[in-house]
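First residue of the sequence shown: 1, per the UniProt record's numbering; consecutive thereafter.
Honestly, the hints are just simulated from the structure, not real lab data. Everything numeric in this text was worked out from a predicted model, so none of it was measured. Take the hints with a grain of salt, since some may be wrong.
What the hints assert, rightly or not - Calculated cross-link-like contacts (lysine to aspartate or glutamate; reagent style DMTMM-like; alpha-carbon spacing at most 25 Å):
no.	residue 1	residue 2
1	Lys633	Glu720
2	Lys172	Asp113
3	Lys217	Asp404
Claimed, not checked - For each label pair, taking beta carbons as the anchor points, the in silico distance ranges come out as:
no.	residue 1	residue 2	range
4	Glu54	Glu581	52 to 58 Å
5	His202	Leu575	45 to 51 Å
6	Arg614	Arg55	23 to 29 Å
7	Pro573	Gln687	40 to 46 Å
8	Ala626	Ala596	31 to 37 Å
9	Gly24	Leu604	53 to 59 Å
The C-beta atom is built at its ideal place from N, Cα and C for all residues, glycine as well.
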Amino acid sequence: MDGQVRQELPDLVYAEAVVRSRSGESLLSTQTLVTSENVTLFDADPRLIEYTEERLRDTGFNVLCKGRGSISICGSPELYEQSFQTTLRHVEYQVIKELSQPSTAQFIDAVDDKPPGEIDISQSSWNTELVGVAINEPVYYFGSGVPSAVPPPAVSQYLSVPDCLAKGLNAKQAHDGGIDGRGVKVVMVDSGWYNHPFFTHHNYQGQVILAPGSTDKHIDANGHGTGESANLFAVAPGVDFIMVKADVAIRGKFRNVNSIAAFRTAIAQRPDIISCSWGSNQRSSELSPYNKVLAAVVADAVRRGIIVIFSAGNGHWSFPAQHPNAIAAGGVYQHLDGPTKGELEASNYSSAFHSPVYPGRQVPDVCGLVGQRPHAAYIMLPVPPGSSNDIKCAEFEDGTEPNDGWAAFSGTSAAAPQVAGVCALLKQLDPGLSPVRAKIILEKSAIDVVKGSSNYYFSRPTAGPGRDLATGYGLVDAGNAIATLRQVNNQETSHSQIIDYSQADDTFNPALSAPINCDCDSPSAASYVPDAASDHGLSNTWHSHSIEPETPQSTLPTISATRSQVTMSNNYPKLNNKFDEILNDFDNILKGKIEAEEIEAVELNISLRHFSDRSPRTEGILALVACLQQLEKSWDDPETVKESLVNDILKSAKTTLAQAGFNLRNQEIIEQIKSSYINNLASVEPQPIQKKHVSAAKSLLRIQKYQKLATRILIKAIEEADEKVAALAAEALGEFHTTQSSQYIEIESSDFQEQIWEGPNGVCYKYDGQFYFVDKSSDKIPCGQDRERCINATR
1 MDGQVRQELP DLVYAEAVVR SRSGESLLST QTLVTSENVT LFDADPRLIE
51 YTEERLRDTG FNVLCKGRGS ISICGSPELY EQSFQTTLRH VEYQVIKELS
101 QPSTAQFIDA VDDKPPGEID ISQSSWNTEL VGVAINEPVY YFGSGVPSAV
151 PPPAVSQYLS VPDCLAKGLN AKQAHDGGID GRGVKVVMVD SGWYNHPFFT
201 HHNYQGQVIL APGSTDKHID ANGHGTGESA NLFAVAPGVD FIMVKADVAI
251 RGKFRNVNSI AAFRTAIAQR PDIISCSWGS NQRSSELSPY NKVLAAVVAD
301 AVRRGIIVIF SAGNGHWSFP AQHPNAIAAG GVYQHLDGPT KGELEASNYS
351 SAFHSPVYPG RQVPDVCGLV GQRPHAAYIM LPVPPGSSND IKCAEFEDGT
401 EPNDGWAAFS GTSAAAPQVA GVCALLKQLD PGLSPVRAKI ILEKSAIDVV
451 KGSSNYYFSR PTAGPGRDLA TGYGLVDAGN AIATLRQVNN QETSHSQIID
501 YSQADDTFNP ALSAPINCDC DSPSAASYVP DAASDHGLSN TWHSHSIEPE
551 TPQSTLPTIS ATRSQVTMSN NYPKLNNKFD EILNDFDNIL KGKIEAEEIE
601 AVELNISLRH FSDRSPRTEG ILALVACLQQ LEKSWDDPET VKESLVNDIL
651 KSAKTTLAQA GFNLRNQEII EQIKSSYINN LASVEPQPIQ KKHVSAAKSL
701 LRIQKYQKLA TRILIKAIEE ADEKVAALAA EALGEFHTTQ SSQYIEIESS
751 DFQEQIWEGP NGVCYKYDGQ FYFVDKSSDK IPCGQDRERC INATR
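Based on the sequences and whatever the hints tell you, model everything.
Listed below in C-alpha cells is the structure:
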C-alpha cells in the first residue's frame, strides 16, 4: 500500500467478525432475508464465540462486545492486513448527508473479490472460526455559554417542546390522567446527551452509557441526541431514559461509528423500546456485508420482545428502517399559521419508498411531526451550546444564536422518538405489549393524512385516503392509541365473541379527519381530542430533519387470524364462574413455594383467553405422569407411603358418601378411620421399575413433558432395575437425552415445548406460540406461526 493511501486510513478500523453458525448458514452470503423468525439460524455455538473472542484478543484486536453471531472488534489497519491476509484501502461513494444534502463519503474496503466492505478471510488462519469480516460503515455528523432553560423568542414560529408537541400528538390528556410512560425503559442510540437546563427545569431524568469506542459521557459535540431526546420527553415525560452514546470521531475525514456495537449495548440494557434516528442509504437490492449483520442484530432485538423504531430518512432509502421487524417513522407537517393553520400534509422533507431489499415492504409505517424543505426547521429543541447543530441551524437563520443552546430542526430523526414516546405510553398500560401488537395499535389509531407529497428524491409520492406510500398509516395519535389498546384488551378479556381487529376501524378512530391546532399561547386554542368514551448507497447518516405524514384508516388490512381472533369466556361459563377461585388456588400454591424458597417471588398473570378445550392428549400425559409418580412415591418411607394411600382412600370415600347424600365432617371420626386403616394395612413394599415405567418415561421425553421426572426414573432404572429393564432405560435415555434434547433445549426451557409432528425428515415442535422444525442433523429452523410449513418440513 502506498504512503498516500496509508495516510488516508484511520488509526483504528471498526468491524464485525462474523462467526460460523451452528446451522452452517453464512450471514454474509445467505440469500435469505433475516427477520426475527429466522435470525437464530445464524447463531454461532457460544463456545466457538468464546474461543474466537479469546483468539482475537490474543492477536491484538480490541473486542468491543459480542453478539449471538458476530463479535465487534477494532484495531489498526496493519493488524487487519496481517491477521486476515488482506490489503485495506479507502473508497468514495455517493451519499446523502444531513440536511438532505447529496455528497460523497469515504469508506474502508479490502482489495479482494468480496462485496464492498467485506474482508475475505478464506486464505487466512481464521477460516475455521469466521465466515468473514464486515467493516463498519461511517456515520457522518456536521460537528461555550450557558444555555437557557427556555427557548428564545423566535420559538413562536416553531413547535415548542414539550407543550406544543405533546398537544400536536394528542398526549396531554394522557399525561393529565397519569399516563406518562413511567416504568417503561426507553433507550436511544445517538450522539450523546447533554444535561441541558431545559431537562432540569422539567424534571426529566436520564443517564448516558458509552457505546464501545465512545468517550466523554457528558459531552454531545453534535447536539443531535440531546435535541431528539426532547421529542421523546414531550410525549412520555416519565420514561426511564438511557442514551447510548455512539459518537466515535476518528481524526481526519473518517467518522467510523460502530453502530452495531452501540445497538448491542442498547439491547444489553434490557429496554422495552429502542429508538434510533440514523441509518444508511440502502438503494440496492443487496445488503452490504455490514448491513447484513446489522439486520440480524435488529431482528434479534425484536425476537427478544423489544419494540424497535428507526427513522425513515430525509431523502434516504433508510436502513434499518426498511427492516420488516422495525417500525419506520416518517413525517407529517402541521401548518402552524395562516388560513391552513392546523391542517396536516405529508412532509416533503421525509422519505417514502418501496424497499428494494424486502419485497412488499413500504416505508414509512406511521409518522411523527416534521418540517418541510429546505431545512425542516420546525421544532425548537435544546442542544449543547456551540454544538454542531447549534451552529448549523443558526447559519440557516432559525432565529437563534450559534452558542445559545437552542436550535430549530426536525426531520424523521424527530419522528422516531415521538413514535417511541407513544409506544411508551402503551407499554405503561400493557407491559406485555409485543412489538407486532404495538405496530398494529399505532397503525389502527393513526390520523389519516390525505394531502401533500414526500421528498422529491422519490418522485414525490402523494398522500391520499387510506394507507399510502407518502405517510404510511398516518400521524401517530397518543389518545387514539391508548383508546385502541384499551378497547382491544377489554374485548379480548371480557366479551363473549371472536374479535377481528380489522372490523373495528370506526370505533378505534373517532373523528380521524379532525385537524390538530397548536397555539400554545392561547388557552382557547382548538386541539384534537379523541372521544374519551369510546440500495447500496453506502453512507450512514443521522436523520436530523424529517418526519412522516399521516394516513387514513379506511383501507387497513385484515390482521391474520392467529393474531386477531381470540376465543372468549362465554365458551366456558362454569370456568367463568370459578375463575377467581382457581386463581386463588394458584396463588396459594405459589405462596407456599415462595415461602419455602423453592421459587422466586413471582405472580401468575393469566386471563380467560388462555384456556382452550381439554384434549385427549392432555389426559394421556396425566396418565403417564401418574404412573411414574406412583412408582416414585412407593420409594418413600413405608409409613409415609401408607399414610398417603390412606389419605387417597379417605378422599375417595368422602366423595362417594357426599354423592350418596352423607357428609363426613367430624375430624375425630376421620382420624379414627385413618388410624384403623394404617394399622391394618399390610406393609408397603417399594414397587420395582417395570417395562411400562420405562415406556412411560420414554413417551414423556418424546413429547417434551415432565422431563425431570422421566429422567429420574430412567436413571434409577439403569442403576437398580433388572438387566433387561436397565438396558431399555439406557437406550431411552441415550436416544432422547443426548441426541434430541440438545435440539430442543436451545429453544428455551424444554419442559414447556410440545411436539406437534414427527416425520421421516425431523420433528415439529411448538414453543411459546412459535413452531420450530428440528431436522435429522439437529439444526433448528424457526417457522414462526406457520404450523403447516413446520409439519410439511418433517415429511
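(message) I'd like to know which numbered hints this structure contradicts. Please list them from smallest to largest.
(response) 2, 6, 8, 9
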